[in-house]
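Residue strings, one per chain:
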Amino acid sequence: MNFMPWLLLAGLCAAAVASFAYLGLDLSGLTSGEGQRRMLEFVAAFFPPETSPAFLARVFKGSLQTLAISAVGTLLAAVFGVLAALPAGGRLGRMARGPARVGLNLLRSIPELVWAVLMVLAAGVGPFAGTLALAVHTTGVLGRLFAETLENSPPGPTAALRDSGGSAVASFLYGTLPVALPQFSSYTLYRWENNIRMATVLGFVGAGGLGQMLYVSLSLFKQSEAASVLIAMLVIVALVDLLSAWLRERLAG
Amino acid sequence: MSTPPAERRDPAALPRLFIGLLAIGLLWPGLRLTEFSPATLFDPRSSEVTVRFLRSFFPLETSREFLRLVGKSTLETLAMATAGSALAVLIGFPLALIVTRRLSISAIGPTRGHRLAAGGRMPARGVLLLLRSVPEIVWALLLVRALGLGPAAAVLAIAINYGGMLGKVYHEIFESVDGLPTRAILEAGSGRLSAFFYGTFPLALPEFVSYSIYRWECAVRASAVMGFVGAGGLGQQLELSMRMLSGGEVSTILLVFFLLVLVADGLSAAMRRMLV
Numbered sequence: 001m002n003f004m005p006w007l008l009l010a011g012l013c014a015a016a017v018a019s020f021a022y023l024g025l026d027l028s029g030l031t032s033g034e035g036q037r038r039m040l041e042f043v044a045a046f047f048p049p050e051t052s053p054a055f056l057a058r059v060f061k062g063s064l065q066t067l068a069i070s071a072v073g074t075l076l077a078a079v080f081g082v083l084a085a086l087p088a089g090g091r092l093g094r095m096a097r098g099p100a101r102v103g104l105n106l107l108r109s110i111p112e113l114v115w116a117v118l119m120v121l122a123a124g125v126g127p128f129a130g131t132l133a134l135a136v137h138t139t140g141v142l143g144r145l146f147a148e149t150l151e152n153s154p155p156g157p158t159a160a161l162r163d164s165g166g167s168a169v170a171s172f173l174y175g176t177l178p179v180a181l182p183q184f185s186s187y188t189l190y191r192w193e194n195n196i197r198m199a200t201v202l203g204f205v206g207a208g209g210l211g212q213m214l215y216v217s218l219s220l221f222k223q224s225e226a227a228s229v230l231i232a233m234l235v236i237v238a239l240v241d242l243l244s245a246w247l248r249e250r251l252a253g
Numbered sequence: 001m002s003t004p005p006a007e008r009r010d011p012a013a014l015p016r017l018f019i020g021l022l023a024i025g026l027l028w029p030g031l032r033l034t035e036f037s038p039a040t041l042f043d044p045r046s047s048e049v050t051v052r053f054l055r056s057f058f059p060l061e062t063s064r065e066f067l068r069l070v071g072k073s074t075l076e077t078l079a080m081a082t083a084g085s086a087l088a089v090l091i092g093f094p095l096a097l098i099v100t101r102r103l104s105i106s107a108i109g110p111t112r113g114h115r116l117a118a119g120g121r122m123p124a125r126g127v128l129l130l131l132r133s134v135p136e137i138v139w140a141l142l143l144v145r146a147l148g149l150g151p152a153a154a155v156l157a158i159a160i161n162y163g164g165m166l167g168k169v170y171h172e173i174f175e176s177v178d179g180l181p182t183r184a185i186l187e188a189g190s191g192r193l194s195a196f197f198y199g200t201f202p203l204a205l206p207e208f209v210s211y212s213i214y215r216w217e218c219a220v221r222a223s224a225v226m227g228f229v230g231a232g233g234l235g236q237q238l239e240l241s242m243r244m245l246s247g248g249e250v251s252t253i254l255l256v257f258f259l260l261v262l263v264a265d266g267l268s269a270a271m272r273r274m275l276v
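Going down the list, the protein sequences come from chains W and X.
Read the first sequence against the numbering used here and you will find it ends at 253, with the numbers running on by one and no gaps.
Read the second sequence against the numbering used here and you will find it ends at 276, with the numbers running on by one and no gaps.
Note that these hints are calculated values from the structure, not bench results.
Treat the hints with care, since some could be wrong.
Unchecked claim - Reference listing, derived: stretches of chain W covered by chain X, where coverage requires no fewer than 3 residues with Cβ under 8 Å from a Cβ of chain X:
no.	region
1	103-116
2	199-207
3	212-219
C-beta atoms are modelled at their ideal positions from N, C-alpha and C, and glycine is treated no differently.
Using the sequences provided together with the hints, build the complete structure.
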């Protein structure tokens with residue numbers, strides 16, 4: 001019998017106990033009578049959700065904006081990702097490969113929300129900041145994936161075009177791109193799915209969309225409005241989840 | 001022999017142009033909705049602030065006091081992630097047990113409570129979907145208002161959201177291992193729990209532990225930004241330094257964040273390699 005999983009499990013339990021001890025969490029608010037009463041009051045304030053047509057129209061616009069942020073951000077990232085993948089995938093010589101990879105790693109390792117804070121500073125509060133934040137982070141992710149695709153794509157067609165006198169650009173466009181394109185688009189779609197989820201929360205730091213509406217409503221103690229926004233978020237995320245699971249099943253089967 | 005220019009043209013050029021124009025046409029409302037205007041980036045007033053801020057990123061802030069503060073927040077972030085993940089396992093595991101169809105006794109024959117059991121599975125699925133459909137940082141934003149500023153909100157937020165995700169994936173893992181042992185134990189007349197612990201769990205254990213560790217790694221990344229909504233950890237420090245536009249502090253924190261993610265990544269990869 002293999003003891004390794006059990007050993008790891010024990011270690012993880014110890015780490016968890018240590019963490020609780022370090023944080024010294026006071027969760028008595030959840031169990032004491034007074035705390036529970038306050039929690040119930042807090043939750044009760046969210047009902048019923050705001051359903052005035054004017055507000056619902058704003059929620060609808062916010063949802064569209066969230067989708068637009070994710071779509072435009074992902075698309076920009078795909079374009080810049082391809083551009084960055086050329087050096088990172090070793091297409092522009094060995095010298096350019098290292099620095100390009102480091103750059104992409106840097107973009108990727110700073111989370112979207114941190115980018116969003118920076119972009120709000122640079123571009124002002126609003127959906128444009130969120131779009132840029134998603135675009136920058138996703139460029140790092142897609143650039144790396146695209147570079148790997150380029151490195152793994154067969155060199156034959158491009159070499160043949162080059163040998164028969166095609167220019168470097170034309171050989172890339174007609175020799176490499178058609179082979180790599182399906183992989184590119186499937187990576188882009190996968191990231192888009194991720195970014196829709198992300199775009200709903202970027203607004204917490206002022207980057208537009210449903211997140212910003214939620215943040216503002218909560219700050220103004222308008223819990224019933226917040227409830228409507230939350231429901232819209234839930235529907236978007238759940239729909240994306242179900243749709244992608246269904247699509248994946250169809251494509252796999 | 002030279003090719004006549006007509007044959008060099010790409011026969012698919014026209015359709016491609018059409019598709020391109022169509023895409024731009026579809027994209028146009030999106031650009032409007034996102035208030036897309038690259039010009040604002042180069043507007044002298046805002047760009048001056050941005051450039052000054054970016055310039056102040058170097059040198060890094062390395063005063064002893066600040067480093068101690070960052071060290072404390074880093075530990076807090078790690079503890080938040082670990083505690084949250086542990087609670088998430090406690091939430092996800094039982095839900096996964098309820099949802100797993102393989103453990104259903106009615107599947108092997110008629111039983112008394114089977115309608116009740118089948119009825120219990122649907123709500124449990126609903127709960128899992130609800131838990132994982134609200135992103136962890138939204139939970140944190142809400143919980144900060146209920147529990148006050150600090151790591152407690154982050155721990156619970158991770159526990160809730162990751163509980164939903166773990167529940168779903170545990171269920172998939174339990175359904176994917178060889179089902180014959182479990183079925184044999186059930187058919188021999190044992191209860192579901194013993195069937196699970198002697199039939200399914202030993203087979204699922206490596207993948208179970210591996211996925212839990214992977215989720216912990218994600219939790220580290222998530223808890224680092226929880227501070228943006230007031231839930232403690234490195235994010236709170238980062239938000240503070242950004243508000244004050246002290247670039248040196250921001251770059252130090254970003255560097256620490258980068259190292260933290262790297263370490264969590266390496267640790268999780270090493271542990272998971274031990275399992276194979």
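To see whether the hints hold, each was checked on the structure:
{"no.": "1", "hint": "103-116", "verdict": "holds (count 5)"}
{"no.": "2", "hint": "199-207", "verdict": "holds (count 4)"}
{"no.": "3", "hint": "212-219", "verdict": "holds (count 3)"}
In this structure, none of the earlier numbered hints is contradicted; all agree with it.
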